[in-house]
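Q: Sequence:
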Amino acid sequence: MQETSLYAPVKRFLESLDFTVKGEVGGCDIVGLREGEPPVVVICELKLQFNLELVLQGVDRAAACDEVWLAARMSARGKGREHDRRFRALCRRLGFGLLAVDGKGKVELLLSPAAVPPRRDPRRRSRLVEEHHRRKGDPSIGGSTRQKPIMTAYRQEAIACAAAMADGPKRPRDLKLVAPRAASILLHNYYGWFARAERGIYALTELGQAALQSQGVLDGPPLVAPFQVEQLGAKLGA
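Quick note on the working numbering: the sequence shown kicks off at 1106 and runs consecutively.
Note that these hints are calculated values from the structure, not bench results. What you are looking at is a predicted structure, and each value in this text was computed from that prediction instead of being measured. Heads up, the beta-carbon is just placed ideally off N, CA and C, and yes, glycines get one too. Check each hint, because a few of them may be wrong.
Pair by pair, the computed Cβ-Cβ distance ranges are [unchecked claim]:
(1) Glu1142 with Arg1198: 25 to 33 Å
(2) Ala1113 with Asn1156: 17 to 25 Å
(3) Gly1242 with Ser1180: 27 to 35 Å
(4) Arg1276 with Ser1217: 50 to 58 Å
(5) Gln1320 with Glu1140: 41 to 49 Å
(6) Ala1269 with Lys1209: 40 to 48 Å
Lysine-lysine pairs mimicking BS3-like chemistry, simulated, CA-CA at most 25 Å apart [claimed, not checked]:
(7) Lys1253 with Lys1275
(8) Lys1253 with Lys1241
(9) Lys1184 with Lys1241
(10) Lys1209 with Lys1241
(11) Lys1209 with Lys1184
Working from the sequences, and respecting the hints, build out all of it.
A: Encoded structure:
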């Protein structure tokens, strides 16, 4: 059993509380927003068992949200930390909610989150809310950080830029409708997918073509030859 197997049942539980839930946002397994002014922000961390590391993760996340939930697999023999009164008392003092997920995906509410004195980190909270709003859909399963690159909003926009450039070089303003941050994405080129073909015009590199194929955006050979780094030097007279 993996942490990712807990994601779907916990997501359904939080959605039943009117939260819009997305996985792997800002380094958190689960972030949920309930619209309002300001929105209510919840963070839920997933583990295969209730332990101190899970509590410490909750402590680290607490300043960025309104509620912290800790979710783990229910112990098969009923001897896990979830049945330890001291563990529950600690989480109650911290204001954390506790959820246990059994082998069939049923979620049991062990402890509701409690109101605690404010402990805000406004900048971190703002980054979480912005990433949650920018990200299209829910492309990353909570608890999946070790499996593959997280599909952040930035990565989604970079893929949108690459897809729009599959048929040839483009200017940043040509891409603004599909990726509002296109100019910054092309300039900083974090993934190495783009290269400047000439002043103000960018083309895909081989890495960019490979990224599109790995996402299933391109089937078969590229529509245009990928831009080579060597070509860039020659074109600019390097």
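Q: Are the hints correct? Go through all of them and say.
A: Hints, verified against the model:
no.	hint	result
1	Glu1142 with Arg1198: 25 to 33 Å	holds, 30 Å
2	Ala1113 with Asn1156: 17 to 25 Å	holds, 22 Å
3	Gly1242 with Ser1180: 27 to 35 Å	holds, 34 Å
4	Arg1276 with Ser1217: 50 to 58 Å	holds, 53 Å
5	Gln1320 with Glu1140: 41 to 49 Å	violated, 30 Å
6	Ala1269 with Lys1209: 40 to 48 Å	holds, 44 Å
7	Lys1253 with Lys1275	violated, 29 Å
8	Lys1253 with Lys1241	holds, 18 Å
9	Lys1184 with Lys1241	violated, 40 Å
10	Lys1209 with Lys1241	violated, 29 Å
11	Lys1209 with Lys1184	holds, 18 Å
Checked against the numbered hints above, the structure violates hints 5, 7, 9, 10; every other hint is satisfied.
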